[in-house]
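Let's have the full structure, built from the sequences with the hints guiding it.
Protein chains in written order, with the working numbering: chain A, 1 to 561; chain B, 562 to 736.
All the given hints hold, so there is nothing to weed out.
Derived coverage of chain A by chain B (criterion: at least 3 residues anywhere in the stretch with Cβ under 8 Å from a Cβ of chain B; other residues may be distant):
| id | stretch |
| --- | --- |
| 1 | 218-229 |
| 2 | 256-265 |
| 3 | 279-290 |
| 4 | 293-299 |
| 5 | 372-380 |
| 6 | 444-452 |
A few chain B positions that, by computed beta-carbon distances, are all more than 10 Å from chain A:
| id | residue |
| --- | --- |
| 7 | Gln618 |
| 8 | Thr658 |
| 9 | Val695 |
| 10 | Asp697 |
Hints in this document: simulated from the structure, not taken from any laboratory. By construction, the Cβ of each residue, glycine as well, lies at the ideal position given by its N, Cα and C atoms.
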Amino acid sequence: MVFVDEYPKTSKLIRSQFIVSFIALALGAVFGIVQALHRTGTFRIFSSADYYTILTGHGVLLALVFTTFFIAGLFGWAVSNSLERVLPQRAAWGAFWLMLVGTVLAAVAILGGLFGAPSILGHSLKADVLFTFYAPMKAHPAFYLGAALIIVGSWIAGYAYFKSLWNWRSENAGERIPLKTFMVITTMLMWYISTIGVAVEVVVFLIPWSLGLISNVDPLLTRTLFWYFGHPVVYFWLMPAYLVWYTILPKLAGGRLFSDPLARVVFVLFLLLSTPVGFHHQYVDPGIPEGFKFIAMTNTMFLLLPSLLTAFTVVASLEHGARQNGGKGYFSWLRNLPWGEPAFAGCALAGLMFAAGGFSGMINAGMNINYLIHNTLWVPGHFHLTVGTAFALTAMAISYWLVPQITGKKLQRRGLAAIQPYIWFIGMALMSNAMHRAGLAGIPRRTAEPTYSEFSFEGVAGTVGEMRLQIAIGGTLLFVGAALFLVVMAETWIAHRGGRLRVNSVFPDPLSGPEHSPRILDNYKLWTAIALVLIVIAYGPPLAAMLADGITAPGSPPIPV
Amino acid sequence: MQVHNFEKVWLGAAILLIVGFIATISYGTVGAGISMVDDSGGQISAQAVQNGNTGTQFDDPGVVQASEDQVVVYVVAQQFQFRPGSGDTPIRVPADTRVTFKVTSADVVHGFSITETNINTMVIPGQVAEVTAVFDETGTYGLVCHEYCGAAHHTMGGSVEVVPKDQYEPQEVSN
Chain A
1 MVFVDEYPKT SKLIRSQFIV SFIALALGAV FGIVQALHRT GTFRIFSSAD
51 YYTILTGHGV LLALVFTTFF IAGLFGWAVS NSLERVLPQR AAWGAFWLML
101 VGTVLAAVAI LGGLFGAPSI LGHSLKADVL FTFYAPMKAH PAFYLGAALI
151 IVGSWIAGYA YFKSLWNWRS ENAGERIPLK TFMVITTMLM WYISTIGVAV
201 EVVVFLIPWS LGLISNVDPL LTRTLFWYFG HPVVYFWLMP AYLVWYTILP
251 KLAGGRLFSD PLARVVFVLF LLLSTPVGFH HQYVDPGIPE GFKFIAMTNT
301 MFLLLPSLLT AFTVVASLEH GARQNGGKGY FSWLRNLPWG EPAFAGCALA
351 GLMFAAGGFS GMINAGMNIN YLIHNTLWVP GHFHLTVGTA FALTAMAISY
401 WLVPQITGKK LQRRGLAAIQ PYIWFIGMAL MSNAMHRAGL AGIPRRTAEP
451 TYSEFSFEGV AGTVGEMRLQ IAIGGTLLFV GAALFLVVMA ETWIAHRGGR
501 LRVNSVFPDP LSGPEHSPRI LDNYKLWTAI ALVLIVIAYG PPLAAMLADG
551 ITAPGSPPIP V
Chain B
562 MQVHNFEKVW LGAAILLIVG FIATISYGTV GAGISMVDDS GGQISAQAVQ
612 NGNTGTQFDD PGVVQASEDQ VVVYVVAQQF QFRPGSGDTP IRVPADTRVT
662 FKVTSADVVH GFSITETNIN TMVIPGQVAE VTAVFDETGT YGLVCHEYCG
712 AAHHTMGGSV EVVPKDQYEP QEVSN
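Printed below as a string of structure tokens:
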């Protein structure tokens, strides 16, 4: 039985979410190649002042819209498939429409900047404030309102998963929560806790301030509230990729998940440790005592643990699969994995690149080593490996597997699909290694121009010119990779139904199943309580200090960009 | 709970690695003395910085000789220049001398990073960032605003000239 025939309503919802997600990916990819060619001085169609509008669009559309809509679709499938029930329709569709309205508002505000920023409701329609929108730079109020609606929509989408779980539990008392649902719920709990920061920032401060209802905001306080959310959001992207690697990838490799209990431990660790780490983005901020930065640093380092455990379990599962296929030896089993299957190859390559991204992330997290690379091109080099590959490539790869099941149509253009992950991998390898090295040479991120009038940069390893060339070629290959993916999806979407699908949502049992995991792992109340206590320890004293002198002091009025 | 032997070894090694990282960073702070930017610079009104009526040295930013072997550099970052630092007013400081940079913003969030060094701080309206370092090599260093601060952000650079200690002449700070 195909998923779409079993759950036609849920499939329609997932298709709607995926369409928005893919449109955001298409626009974001166009903005991406414009940027890569502009800042390397290769080819320019916009002015350097407009570059920042393009950059804002790239960040918001890819890091917020593409991710959130795709995750909503993936989670809808995961809950429906593992609990074997239909998602509550009203909540799920309400969430979808709310998020869509928010996306349109934010997108219109951003794109207004490319059309002369006309005055709408007394404010210039533009939002070139980048993904981080640090006050006191001001965007059109529609931008903040849109961002708030996307977040609130995602909360309601989460409610649909919780409701499904409660309904399932009342019929299956005493049974262990299926792993996929466990992962979805843990991720959403983490998301609820961490989005409180950005919700307070936007709703309490930035919306009234951008409308002129309050005159000042405290830039350090709003920035701190942003980063309270700004690092956990990374795990909101990563945990869905982990869900795919733990639950689907072993099957694609021809094997079974190595350990269900360890997978649960990993997700609980993410719930506990994801939020009290945000200060590591503020290591070089004035106004924050060193001790708070140290606490965030130790938490951040322990957050390595769940990722290191994942590396073990996922690789062990793949090895098991390869040995089922006749793999032998210490390493030669790697040859027995299905490298020609687009879904498998994409996820495996994404995982491999994530390992490299994890290592560069340790440098970012290394409090005083961070001085060397803070806000240099190293940082986008790093997160294009994590969100830009670990998440994005996994999302594209698993679409090759999932979209046939939610449409009932066979994957078209398998040849293009099979080479697409490799093109992405090569493009990212070129772009990211050059960005990392450029960062070591002190070249900053977020700038439209490669040179300055007062001085010039010198490469540490390799020349600056060669790095620029690699970034331009890598960025172009990534654009080609995104375009190939979208072509395959479009053709699959419009194809006619017929014949048997090569894929299905039936899963083999793990080698070590849920019966081996202690029941306490399913105790969400306990883990949420511990997570909150850790947050109070990490954020209570510094926030109290920032609020002590008045909630808008030292204050800054809005400054139009 | 059933944990495979290989998993146990891996888990132990992972925890050892993490504790090792924390130990090296702690050593960098305590042993090598690489301290973090913190709240030592205090607060200031960004609007007063913009209007030049803070009643502090930020109203007339520049290099101040604090003692025989220490200078303090007051820098105002604003859209889209460093005062001093940008254009034809580079920051001039002596080598082999403690140099403390006090940097604040007159408008939005900026960055203050000197290339080829560890001097790298955010500049946040309302806060004074304080960084101390010793330059042991003379020459011209690049100065970069590394936080997006508006449509001409890419023009916001500058330079720092480090001259031999015996050739350094304190500049007159006008009032």
